[in-house]
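J.: Keeping the supplied structure of chain A fixed, place chains B and C upon it in accordance with the hints.
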Amino acid sequence: MAELIQILVSGLAAGSIYALAAVGFTLLWQASQTINFAQGEFVMLPAFFVLVGMTVLGLPMWPAIGLGLVLSLLILGVAFKRLIVEPMLPHGTLPLVIATIALGLLLKESVKELYGATAQPFPAVFPQTVFNVAGASVSIQDIGNLVVSMLAIGGLQLFLNRTRTGRCMQASAQNPAVAEILGVNVKRMVMYTFLINAALATIASVLISPIYLAKFSNGETLGLVAFIAAIVGGFNQIRGALVGGLLIGVIDNLSALYISAEYRSAMPLILLIAIILLRPQGLLGTPEGRTV
Amino acid sequence: MTKLQAILVALGVAILLVAPVGQGNYIIYTLCSWLLFSISAMGLNLTLGYAGQVSLAQAAFMGIGAYVTALLTLSGIHWGFATVISITSSFAVGLVLGYPALRVQHHFLAFVTLAFNTLLFLVLRNEEEITGGSFGLVGMPRPSFFGITTDSNLSFYYFSLICFLFSAGVMWWILRSPWGRAFKALRENPIRAESLGLKIRRQTLLAFAIGSAFGGFAGSLQAPLVQFIEPGSFALIHSLKLLLMVVVGGSGFFFGPMLGAAVVILLPEVLRFTEGYYLIIYSFLVIVLMVYSPNGLIGLGHKIIDKLRPRHEARRDMQQGAQL
Amino acid sequence: MIKKLLCTAAMTMVLGMTPALADLKIGSIVELSGPGAAAGTNFRDGVKMGFEEINADGGVLKEKIELLEYDTQTDPQVSRALVQKAIDDGVYAITGTVFSSSTVVNMLVAKQAGIPQFTGSEAPSITSMSNPYIFRTAFGSQKGVPKMTRYMIETMGVKKAAVVWANTEFGKGGHTAFVDAMKEAGIEIVTDIPTEQAQTDFSADIVKLKSSDADAAFIYVTEEESARFLREAAKQGLKIPLVGETTLIGHKVIELAGEAANGAMGHVGLTPDANIPAVTEMVERFKAKYNYTPDHNAIKGYTAAWAIKYVTEMVGSPDSQAIAEKLHGLTLNAAEHPGVLMDVSWDETGEMSRESFFVEVQDGKQVVKAILPPN
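Protein chains in written order, with the numbering used here: chain A, 45 to 336; chain B, 3 to 326; chain C, 679 to 1053.
Chain A with its partners taken away, still in its complex shape:
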């Protein structure tokens, strides 16, 4: 029993971070039909902004995180949208997919060359204190990660549903032409989406780097997991990405313990294929009209 609790807690803590990355992923998809293959690198990068702030500029942790957030908003939000996504939207999805693959490579290699190839320790936001729950070791870090991610996603959901701006964003995502006619500044709404994605990536980065250690290649697995979580949960629903992320985190740990350690990374993929075949809109998604 203690084993199961241990696994569930760890799985949920890891899964909540996958969810953060996956939510950003679905947001971009809804707002601009961008399949962002650099999403993993988007989560990898802010940690290095923070490290630069701390080691090069000598800032304390929180101001450094603030700096990381600002830089992420500028680079992963504004610059990404203005310089890459916007000019390419008229060309269709494929060139954009290729460009994000190349962007992922660019970010990864730049961090490696400019900061270093080896993993770096990253300061923890939460204390590492461990306490015992029914025989399982649970750290404040686990709980903190889970809570912060839930708050971020919950807050986002509220913002989208309850505020005027949020609804305008939804309208722009669902039907840009009509939204435009109704007086919504669609371009600005899309920009908000990119900024939110950058902010979520920063949160995920700051939460995950103390555990993962900051390394240029962190995005490789993370991007793939976020991708799977988004599709499994439902590509067009924020709560879908949340459920997908948590599910993948738990399944990964459960299969390592009870099924096969050698095939642990196969289980999320098998789930992905099963979902695509049986419920293509995802667990919580709603079907999309287009077939072509």
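Keep in mind that the hints are not guaranteed to be accurate.
For the chain A half of the interface with chain C, some residues (derived, Cβ under 7 Å), not all of them [unchecked claim]:
(1) GLN50
(2) THR99
(3) LEU257
(4) SER304
(5) ALA305
Calculated lysine to any residue pairs in the SDA-like style (CA-CA distance at most 25 Å, straight line) [claimed, not checked]:
(6) C/LYS886 <-> A/LYS231
(7) C/LYS967 <-> A/VAL100
(8) C/LYS861 <-> B/ASN155
(9) C/LYS886 <-> A/TYR159
(10) B/LYS201 <-> A/VAL100
(11) C/LYS861 <-> A/PHE170
(12) C/LYS789 <-> B/ASN155
(13) C/LYS917 <-> A/THR137
(14) C/LYS789 <-> B/ILE29
(15) C/LYS965 <-> A/GLY160
(16) C/LYS917 <-> A/THR173
(17) B/LYS201 <-> A/LYS231
(18) C/LYS726 <-> B/VAL290
(19) C/LYS886 <-> A/LEU239
(20) A/LYS231 <-> B/VAL290
(21) B/LYS305 <-> A/PRO171
(22) C/LYS967 <-> A/ILE295
(23) C/LYS913 <-> A/TYR159
What the hints contain is simulated information worked out from the structure, not anything from laboratory work. All C-beta atoms in this analysis are idealised placements derived from N, C-alpha and C, irrespective of residue type, glycine included.
T.: Chains B and C in isolation, oriented as in the chain A frame:
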């Protein structure tokens, strides 16, 4: 084919014939890998450029080809037979994978192939008794035909060249056949194509399976070229590399994949003086290229010619692009 | 960056203009990008520092050594092509590669051309393929692991063991060596846990270890995974001793894992923390030159450079064939050949032996608990 094109193609073949003469082993080896990646990229181009589907498993199909060929030739079966099995199995896997994926939605083939590529990697690594696990398989013999061996690097180059020209010929024939022309109709206007009686799904599925079979063929050349295969050579990252090759060269153009493969394989050589920075430069160039010319280098070439030439000339040039 | 570019450009020009003068060429073929970059860069810098010192000291046979560098991108196929290229460029010996998956492929090319190759790889398979041109710079895990298991059984009194390993060719080599050595000693392996490369969440693996009744666990994963593993082990309060190789107790792991690394033990062939003056001095020079602490790979590369010098001078000419023959069965002692830092010998297969250390991490430092004789 116009006369000019025929002359250009003949010239290209002649250059390929003399290219390795007097070169060191390294250059010949690099040329061989360019030829085989061109074959694989050509296949992906059929899926991507003509049928408009993103496949993220071309490296996996190369892996299927390479492992099937390696296992068969290591147990003493001739390469010629092994390669037929390799191509057939890649084709069959392509059908099995594509059928359900294409049943649903447009971009789902990309997701299914992405999952498939990683799953295949895990199987190749974990099923050690058959595949040699992470140690891979070593020492595949190079084939010999009617007493002529391809053991030396130069003879293996000519052997690869024959395979390459054969593949290019088959691809040319596919695209020129009425069946292949249907792809272009499909790409230009799928709804109209369907209303004219084209079965989009069947057509797309076949394109994907044939494209995958080309990957399998390239894999069956890779096994005797490198004489060592391991699961890591067929991981997802290599599928992305192949995808970049096709798009950088120019997807939907006959010569796009060959150009793209040349860029990806030779660029590290050219940019070697930049040391670790070459990937940064490369990925930056790809982004710029995609922003400026989503049709890749060939598209860029057309654009430039377009600007330099008087208008009616330029239009003839565009027609040529579509024909190819 | 621009400075770097100009430097390289200038160097290429100089080298390009004077090909006839630099007669002795060595190829350095290592992982400078890709997953192997950290290990490869260390190895390359070690080799480079070795040859710079050799050149400053009068060179080899009074000739300056020209070091040609190649980056394999940690891709076995590229590494194979580059060994070919180095040989085409006229090198008489090769240093590298570090990753075994690359070495097993590219050593075939060096063998065909008859060029001696000094690898940093530790996978057992490398010296078992009867290749007369391959030479190790650190002993293979089939040799290192039994030294460690003997210590575990005889000194630590282990009766039942667990093993956690990275499911890659690197990890598999160590896993096989460990399981074989334990089987020979009649020790039961009660828990066997494969892990993924770049795995981040080790909670399930620690849960398994906690429920096992092993007396000690052998941990054979790469540095960063080791750090994450040790942290999770500390978090869940895992009690049994954790034993490994350099990858478990290297200084990088200690830096990353922090306090969680305390108590981890391991067997290291070469360590910058070894209490040997020659090694300590080399590490100091390295730090001054490259501004980071070298790991065992840097020391491997450094000793490889000096070994090439000594053997070439023993043979009296840069004759690849003769050098390879001379190396088999050769012992270089550190008293007469200070560049190798510690006494070292190579056997008929190119396998090498040397003293090694059993260390424990205490207060963030490696403390040598025992010196294990060469086997």
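J.: Could you run down the list of hints and mark each one as holding or not?
T.: Status of each hint after checking the structure:
| no. | hint | result |
| --- | --- | --- |
| 1 | GLN50 | holds, 5 Å |
| 2 | THR99 | violated, 14 Å |
| 3 | LEU257 | holds, 6 Å |
| 4 | SER304 | violated, 9 Å |
| 5 | ALA305 | holds, 5 Å |
| 6 | C/LYS886 <-> A/LYS231 | violated, 52 Å |
| 7 | C/LYS967 <-> A/VAL100 | holds, 21 Å |
| 8 | C/LYS861 <-> B/ASN155 | violated, 45 Å |
| 9 | C/LYS886 <-> A/TYR159 | violated, 36 Å |
| 10 | B/LYS201 <-> A/VAL100 | violated, 61 Å |
| 11 | C/LYS861 <-> A/PHE170 | violated, 44 Å |
| 12 | C/LYS789 <-> B/ASN155 | holds, 16 Å |
| 13 | C/LYS917 <-> A/THR137 | violated, 53 Å |
| 14 | C/LYS789 <-> B/ILE29 | holds, 19 Å |
| 15 | C/LYS965 <-> A/GLY160 | holds, 16 Å |
| 16 | C/LYS917 <-> A/THR173 | holds, 18 Å |
| 17 | B/LYS201 <-> A/LYS231 | violated, 38 Å |
| 18 | C/LYS726 <-> B/VAL290 | violated, 37 Å |
| 19 | C/LYS886 <-> A/LEU239 | violated, 42 Å |
| 20 | A/LYS231 <-> B/VAL290 | holds, 23 Å |
| 21 | B/LYS305 <-> A/PRO171 | violated, 58 Å |
| 22 | C/LYS967 <-> A/ILE295 | violated, 48 Å |
| 23 | C/LYS913 <-> A/TYR159 | violated, 29 Å |
Comparing the model with each earlier hint shows violations of hints 2, 4, 6, 8, 9, 10, 11, 13, 17, 18, 19, 21, 22 and 23; every other hint is respected.
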